[in-house]
Amino acid sequence: MWNLVALQLLIEEMGHRVVNLGACTSVPLVIETSRAERPHCVVVSTVNGLGCIDGAGLITALRAEPDLATLPVVIGGKLGLRGTSDTDPTSELRQLGYDGVFPVAESAEKALAGFRAFVAATLERAR
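Residue numbers (numbering that gives the first Met the number 0): 0 to 126.
Where hints are given, some of them may not hold.
[Said to hold, decoys possible] Subject to a maximum C-alpha distance of 25 Å in a straight line, what follows is the list of computed SDA-like cross-link-like pairs (lysine to any residue):
no., residue 1, residue 2
1, K109, R124
2, K109, V17
3, K109, A119
4, K109, Q7
5, K109, C40
6, K109, H39
7, K109, H15
8, K109, D98
[As the list claims (entries may be wrong)] Label-pair ranges, simulated between beta-carbon atoms:
no., residue 1, residue 2, range
9, K109, V4, 14 to 22 Å
10, E11, D98, 18 to 26 Å
11, S25, N2, 13 to 21 Å
12, E108, D66, 31 to 39 Å
13, E108, P65, 31 to 39 Å
14, T32, S106, 12 to 20 Å
15, P27, E108, 18 to 26 Å
To be clear, the hints were calculated from the coordinates, so they are not data collected in a lab.
Ideal Cβ positions, reconstructed from N, Cα and C, are used throughout, including at glycine.
Work the whole structure out from these sequences, hints included.
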């Protein structure tokens, strides 16, 4: 299952600290918290299908901040509004600046496995 609590538990189980900003977090709060906490990664989770829309604005804002431009940022979950008829947003979101994109439309298990591999590879280097 792909949701905030499940992702938090997974990341903590892998030995990392999580600052969970909750649902519907504003872009300014993400930027402010990223500056204050200096995370190894920002994880964006979407279950309502607005990932392509809201996620695009967030990554554009983060990449525009010089001190946050290289911060690893990933997005996953339900990234579109039409279920399996949605076009795959992975390449568009990567072009905008996401380091990892994990859509659950095809397979939640595949998305979680990819995310777990990203955490293991990327966050382990940051320790």
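Cross-check of the supplied hints:
no.: 1; hint: K109 - R124; verdict: holds, 23 Å
no.: 2; hint: K109 - V17; verdict: holds, 22 Å
no.: 3; hint: K109 - A119; verdict: holds, 15 Å
no.: 4; hint: K109 - Q7; verdict: holds, 18 Å
no.: 5; hint: K109 - C40; verdict: holds, 20 Å
no.: 6; hint: K109 - H39; verdict: holds, 23 Å
no.: 7; hint: K109 - H15; verdict: holds, 21 Å
no.: 8; hint: K109 - D98; verdict: holds, 17 Å
no.: 9; hint: K109 - V4: 14 to 22 Å; verdict: holds, 20 Å
no.: 10; hint: E11 - D98: 18 to 26 Å; verdict: holds, 20 Å
no.: 11; hint: S25 - N2: 13 to 21 Å; verdict: holds, 20 Å
no.: 12; hint: E108 - D66: 31 to 39 Å; verdict: holds, 36 Å
no.: 13; hint: E108 - P65: 31 to 39 Å; verdict: holds, 38 Å
no.: 14; hint: T32 - S106: 12 to 20 Å; verdict: violated, 31 Å
no.: 15; hint: P27 - E108: 18 to 26 Å; verdict: violated, 34 Å
Hint compliance for this structure: hints 14, 15 are not met, and every other hint is.
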